[in-house]
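Read off the chains here:
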Amino acid sequence: MTDRDVTSAEPVLAIRDLSVGLRARSGVTELIRGVSLDIRPGERVGLVGESGSGKSLTMLAVMGLLASPVAVTGGSVTLGGTQLVGASDRTLRALRGSEIAMVYQDPMTSLDPLQRVGEQIAEGLRAHGVSRHEASERTVAALAEVQLPDPARLARSYPHELSGGMRQRVMIAAALAGNPRLLLADEPTTALDVTIQRQILSLVARIQRARNLAVLWVTHDLGVAAQFVQRLAVMYAGRVVEVGPTTAIFSDPQHPYTAALLDAVPSTTGERAALGQIPGSPPEPGSFPAGCSFASRCRQALPRCTRAEPILEQRPSGVEAACFVPPAEWRA
Amino acid sequence: MSSPAAPVLAASDLVKIYPPASRAGRPSTALAGVSLDLAEGTCLGVVGESGCGKSTLARLLVGLERPTAGTVLLQGQTVTSFRRPELARRLQLVSQDPFSSLNPRLTVSSALTEVLLVHHRVDGKKQAAARVADLLEMVSLGPQFASRLPHEMSGGQAQRVAIARALAAEPQILVLDEPTSALDVSVRAGIVNLLAGLRTDLALSYLFISHDMAVIRQLSDQIGVMYAGRFVERGPWQSVMSEPLHPYTRALLQAVPEPHPDGSLLGGPEGSAEESTEGTLEPGESPAAASAQTGCKYAPRCPIRIDRCLTEEPPLEIVTGAHEAACYRAGVPVEPGDVPAEAGGVGERA
Amino acid sequence: MAQLAAAEPVAVIRPVASRRSLAARLWRQPSGRAGLIILAVMVLAGLASLAGLVPDNPDAQNPAATLRGPSAAHLFGTDQYGRDVLSRVMAGTVLSLQTALLAVAICAVLGTVGGVAAGYFGGVISSVVTSIADLIFAIPSILLALAIVTGLGDGWQNTAIAVGVSYTPIFIRVVRGPVLAIRNADYVKAAQVLGFSRMRILFRHVLPGVGGILAVQVTLALGWAVLIEASLDFLGLGPPPPAATLGLMVSDGTNIAGIAWWNLAFPAIAVVLLVLGFTLTGDGLRDALDPSTANN
Numbered sequence: 001m002t003d004r005d006v007t008s009a010e011p012v013l014a015i016r017d018l019s020v021g022l023r024a025r026s027g028v029t030e031l032i033r034g035v036s037l038d039i040r041p042g043e044r045v046g047l048v049g050e051s052g053s054g055k056s057l058t059m060l061a062v063m064g065l066l067a068s069p070v071a072v073t074g075g076s077v078t079l080g081g082t083q084l085v086g087a088s089d090r091t092l093r094a095l096r097g098s099e100i101a102m103v104y105q106d107p108m109t110s111l112d113p114l115q116r117v118g119e120q121i122a123e124g125l126r127a128h129g130v131s132r133h134e135a136s137e138r139t140v141a142a143l144a145e146v147q148l149p150d151p152a153r154l155a156r157s158y159p160h161e162l163s164g165g166m167r168q169r170v171m172i173a174a175a176l177a178g179n180p181r182l183l184l185a186d187e188p189t190t191a192l193d194v195t196i197q198r199q200i201l202s203l204v205a206r207i208q209r210a211r212n213l214a215v216l217w218v219t220h221d222l223g224v225a226a227q228f229v230q231r232l233a234v235m236y237a238g239r240v241v242e243v244g245p246t247t248a249i250f251s252d253p254q255h256p257y258t259a260a261l262l263d264a265v266p267s268t269t270g271e272r273a274a275l276g277q278i279p280g281s282p283p284e285p286g287s288f289p290a291g292c293s294f295a296s297r298c299r300q301a302l303p304r305c306t307r308a309e310p311i312l313e314q315r316p317s318g319v320e321a322a323c324f325v326p327p328a329e330w331r332a
Numbered sequence: 333m334s335s336p337a338a339p340v341l342a343a344s345d346l347v348k349i350y351p352p353a354s355r356a357g358r359p360s361t362a363l364a365g366v367s368l369d370l371a372e373g374t375c376l377g378v379v380g381e382s383g384c385g386k387s388t389l390a391r392l393l394v395g396l397e398r399p400t401a402g403t404v405l406l407q408g409q410t411v412t413s414f415r416r417p418e419l420a421r422r423l424q425l426v427s428q429d430p431f432s433s434l435n436p437r438l439t440v441s442s443a444l445t446e447v448l449l450v451h452h453r454v455d456g457k458k459q460a461a462a463r464v465a466d467l468l469e470m471v472s473l474g475p476q477f478a479s480r481l482p483h484e485m486s487g488g489q490a491q492r493v494a495i496a497r498a499l500a501a502e503p504q505i506l507v508l509d510e511p512t513s514a515l516d517v518s519v520r521a522g523i524v525n526l527l528a529g530l531r532t533d534l535a536l537s538y539l540f541i542s543h544d545m546a547v548i549r550q551l552s553d554q555i556g557v558m559y560a561g562r563f564v565e566r567g568p569w570q571s572v573m574s575e576p577l578h579p580y581t582r583a584l585l586q587a588v589p590e591p592h593p594d595g596s597l598l599g600g601p602e603g604s605a606e607e608s609t610e611g612t613l614e615p616g617e618s619p620a621a622a623s624a625q626t627g628c629k630y631a632p633r634c635p636i637r638i639d640r641c642l643t644e645e646p647p648l649e650i651v652t653g654a655h656e657a658a659c660y661r662a663g664v665p666v667e668p669g670d671v672p673a674e675a676g677g678v679g680e681r682a
Numbered sequence: 683m684a685q686l687a688a689a690e691p692v693a694v695i696r697p698v699a700s701r702r703s704l705a706a707r708l709w710r711q712p713s714g715r716a717g718l719i720i721l722a723v724m725v726l727a728g729l730a731s732l733a734g735l736v737p738d739n740p741d742a743q744n745p746a747a748t749l750r751g752p753s754a755a756h757l758f759g760t761d762q763y764g765r766d767v768l769s770r771v772m773a774g775t776v777l778s779l780q781t782a783l784l785a786v787a788i789c790a791v792l793g794t795v796g797g798v799a800a801g802y803f804g805g806v807i808s809s810v811v812t813s814i815a816d817l818i819f820a821i822p823s824i825l826l827a828l829a830i831v832t833g834l835g836d837g838w839q840n841t842a843i844a845v846g847v848s849y850t851p852i853f854i855r856v857v858r859g860p861v862l863a864i865r866n867a868d869y870v871k872a873a874q875v876l877g878f879s880r881m882r883i884l885f886r887h888v889l890p891g892v893g894g895i896l897a898v899q900v901t902l903a904l905g906w907a908v909l910i911e912a913s914l915d916f917l918g919l920g921p922p923p924p925a926a927t928l929g930l931m932v933s934d935g936t937n938i939a940g941i942a943w944w945n946l947a948f949p950a951i952a953v954v955l956l957v958l959g960f961t962l963t964g965d966g967l968r969d970a971l972d973p974s975t976a977n978n
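Residue numbers (this note's numbering), protein chains in the order written: chain P, 1 to 332; chain U, 333 to 682; chain H, 683 to 978.
Next up, chain P with everything else stripped away, as it sits in the complex (with noise of 0.2 Å):
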């Protein structure tokens, strides 16, 4: 069920067959079923899944943001040994800015408009307990290290005199001046152009490693988690459906959707060939099928498919995979 790694390190995160549901009169839509993930210090993850597949909301289930009527229906959320799923607010409260910290796609909603982006930053600290002296030295501390220019002087401007790059560069620096132990990013580079999403990735990389951060990326982006994350796990209809090494996971794709997702992504080198296309469309939550949810779109699919329902199994490559049908059937 959990990733056996080499590393012995407890992880930062572990998130234990978590389940996430939309309660309503009628009973219950299943969001997110049983996923199970675990980071450890110093180890950049990747969630990586279409719309629809849960990735974004198993984000919000970690940090307890999760808004009536989605809720945990089930499993556990451990940071270090602090049990995130049913903890009071108050505990969540201290722990978010100070042990987690979140990143989101679209900066210019998180941040207040009205407010100057160094003090927005220092409010968080000072919400710690940190001295305001204190509070404002680690403010333009933190925007120096995410390499903006004349943090003292960036850190009294408005959000909007900056640039989409300049305001992401100031969210992360607000999630890291608490000195959180895990990082959770929720698609910010998506937005931005490809050039700054390269800075962003490489700073992030940079400031990651010098911190031994944990960090969980989310993206539908394959090609960022191809380049920045050193551990992916495949999301599918609420599902993880594989999860391992990136390197593995790219270069020999044990579940089906995997290598559908794979071969319908262009790049910019190789052989120019028609793209990869997965018949059909995911299903929604509430109509999730009995058994696998990819099999009505899977060219492989045995009768038992449509039956049970695979669960995650380690493979000789080093990832876990859900699903019954050896590769070897079901590659062209």
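By construction, these hints were calculated from the structure, which means they are not laboratory data.
Virtual Cβ for every residue (Gly too), placed ideally from N, Cα, C.
Hints should not be assumed to be uniformly reliable.
For each label pair, taking beta carbons as the anchor points, the in silico distance ranges come out as [claimed, not checked]:
id: 1; chain 1: U; residue 1: 469; chain 2: P; residue 2: 270; range: 26 to 34 Å
id: 2; chain 1: P; residue 1: 190; chain 2: U; residue 2: 639; range: 35 to 43 Å
id: 3; chain 1: U; residue 1: 437; chain 2: P; residue 2: 23; range: 30 to 38 Å
id: 4; chain 1: U; residue 1: 664; chain 2: P; residue 2: 270; range: 24 to 32 Å
id: 5; chain 1: U; residue 1: 418; chain 2: P; residue 2: 28; range: 38 to 46 Å
id: 6; chain 1: U; residue 1: 502; chain 2: H; residue 2: 791; range: 38 to 46 Å
id: 7; chain 1: H; residue 1: 890; chain 2: U; residue 2: 455; range: 55 to 63 Å
id: 8; chain 1: U; residue 1: 437; chain 2: H; residue 2: 742; range: 47 to 55 Å
Away from chain P, derived, C-beta distances all over 10 Å, residues of chain U [said to hold, decoys possible]:
id: 9; residue: 345
id: 10; residue: 387
id: 11; residue: 439
id: 12; residue: 454
id: 13; residue: 520
id: 14; residue: 549
Dock chains U and H against the given chain P, drawing on the hints supplied.
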């Protein structure tokens, strides 16, 4: 295709300046002199980052806005000389978000039939219904989609409907403005394949605009790279992709994260050579500010700039074969030790 | 390739409720339901009066039975001239309704034309229209009504004109906004690129988007019109006695409220019910048209 035939769509020195947004502001130059030729039956891919002017170019080409200067020629005639319906029968647009570009109150059938009837592509409602079924099949949608409303479809399906609607007018040219950017990876692949197929099946010409280099590469015969309202490089897709001449193109290509893990950002002590030292000027984000300066607009961020670059704007010129670049040092490889770039990464491509 | 789409499931979570008729959706809203019921009662009473199905002739005076309280013979009692209050209230309801309908017809037509012109064509037209609207809006409605009625006379049609004109600016504003927004919508730009004529775009693509808002505003305007009309009648600016207007009845009733409460109470309640009926229906319509409520 090196046919000497007249281009099916041509633009000549297009300039578009927008008035200042507020009283204290300055006018912003979205396009600073763009010329292009689209050869019949080919696909010209226009790539650039935000603010480069590619969307403005799309709007000018389809006649939604008028250029401040310059002309757009459609099959030899200026676009402004056509009446709206005539133009629509030759040139159509597919936009980024199908849920905005489709009327939320019209069923697929109503929307398509309207186009068919207005442009007299059918005689009467019965023929229209048959043609609607044809169009749906052309975009690989089943006949049950005829009665659907936009919100009853997925993004990929809705975009197929938008394409069908454009095709209903039977144009020869399609301008596609980021048609796949709002779609998931696997859905995107379907649309890209569909567009490729339609182009050959219907002998269409495409102007395909995107910020995604990989998608552009997939479909284009020619690729043009835009920066701050101009083309800075243009040529056959193979040349531009594998032997980029302009430093900005190199930076773009180098920045695209390839879906092949190569360890560049993973582990290891490197990283410092690739990073920018500051984040102030981001490419194409303020063409207005860029347009205020003389010389090459990319120069402030260019790792291989020379003095001339800051004073004289380099023209877009043929460098080799059919491959053009607007750079005094086109083709000069960028070494890691060069003048520090302010963004984009100093590439290792030679 | 057709297999691709055939395999795709119909979206489940997306709202299918929008296919239900507007009336059905309106009924599902509690406010809509209440409003429609109240209006139904009032309209039935008015129709009955028009058909002559009243207990007594509203104008028939009966000096022998003045100021009698509610009884079996006179459910709502009698007034100072011995007239049956119930019959008068029913007649007054008719008058209120017809005045309101005429008033709203005037302001809806003028306001929609103005709002659409301003929103769709913009420029000079928009400036002119909004200036006129602001001008009318600047004058308090009662004063405006007074001026009109003084100039034109005191028939119910003139009251309607007064009310209609004073409400027109609101319609202009309410219609102009959505028209402007929709005009800039991507699907309208798409329609332009598709080569559709301006008229076609206006009628087929822009106006349908405004229909819902218009329906809500018309309903709310009807309620407002009833109130203003009653107020004008109350002030003596409407049809003179012996006309059975609710406003006059309230005015008269106020004077004798101490000794004959039914003369004040029942006409007043009738006004309240009319206004409430329209307002609730309008609210219900607004909720019914709101896409976010389509998910229930």
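Going down the list of hints, with the structure as the test:
For residue 469 of chain U and residue 270 of chain P, the hinted distance range of 26 to 34 Å is satisfied, since their beta carbons lie about 32 Å from each other. As the Cβ distance of residue 190 of chain P to residue 639 of chain U is approximately 39 Å, the hint placing it in 35 to 43 Å holds. Our hint of 30 to 38 Å for residue 437 of chain U and residue 23 of chain P holds, since their Cβ atoms are close to 33 Å apart. At roughly 26 Å, the beta-carbon separation of residue 664 of chain U and residue 270 of chain P lies within the given 24 to 32 Å, and the hint holds.
The hint said 38 to 46 Å for the Cβ distance between residue 418 of chain U and residue 28 of chain P, and at roughly 57 Å that hint is violated. For the pair residue 502 of chain U and residue 791 of chain H, the supplied restraint of 38 to 46 Å holds, since their beta-carbon distance comes to about 41 Å. Between residue 890 of chain H and residue 455 of chain U the beta carbon distance is about 27 Å. The supplied range of 55 to 63 Å is therefore violated. Between residue 437 of chain U and residue 742 of chain H the beta carbon distance is about 54 Å. The supplied range of 47 to 55 Å therefore holds.
No Cβ of chain P comes within 10 Å of the Cβ of residue 345 of chain U; the nearest lies about 27 Å off, and the non-interface call holds. Distance check on residue 387 of chain U: its Cβ is at least 14 Å (rounded) from any Cβ of chain P, clearing the 10 Å threshold; non-interface status holds. No Cβ of chain P comes within 10 Å of the Cβ of residue 439 of chain U; the nearest lies about 20 Å off, and the non-interface call holds. The claim that residue 454 of chain U lies off the interface holds: its Cβ sits roughly 31 Å from the closest Cβ of chain P, which is beyond the 10 Å cut-off.
For residue 520 of chain U, the condition that its CB be more than 10 Å from all CB atoms of chain P is violated, with the nearest at approximately 7 Å. Once the 10 Å rule is applied to beta carbons, residue 549 of chain U is inconsistent with being away from chain P; the minimum gap is 6 Å.
Consistency with the previously given hints fails for numbers 5, 7, 13, 14, ordered from lowest to highest.
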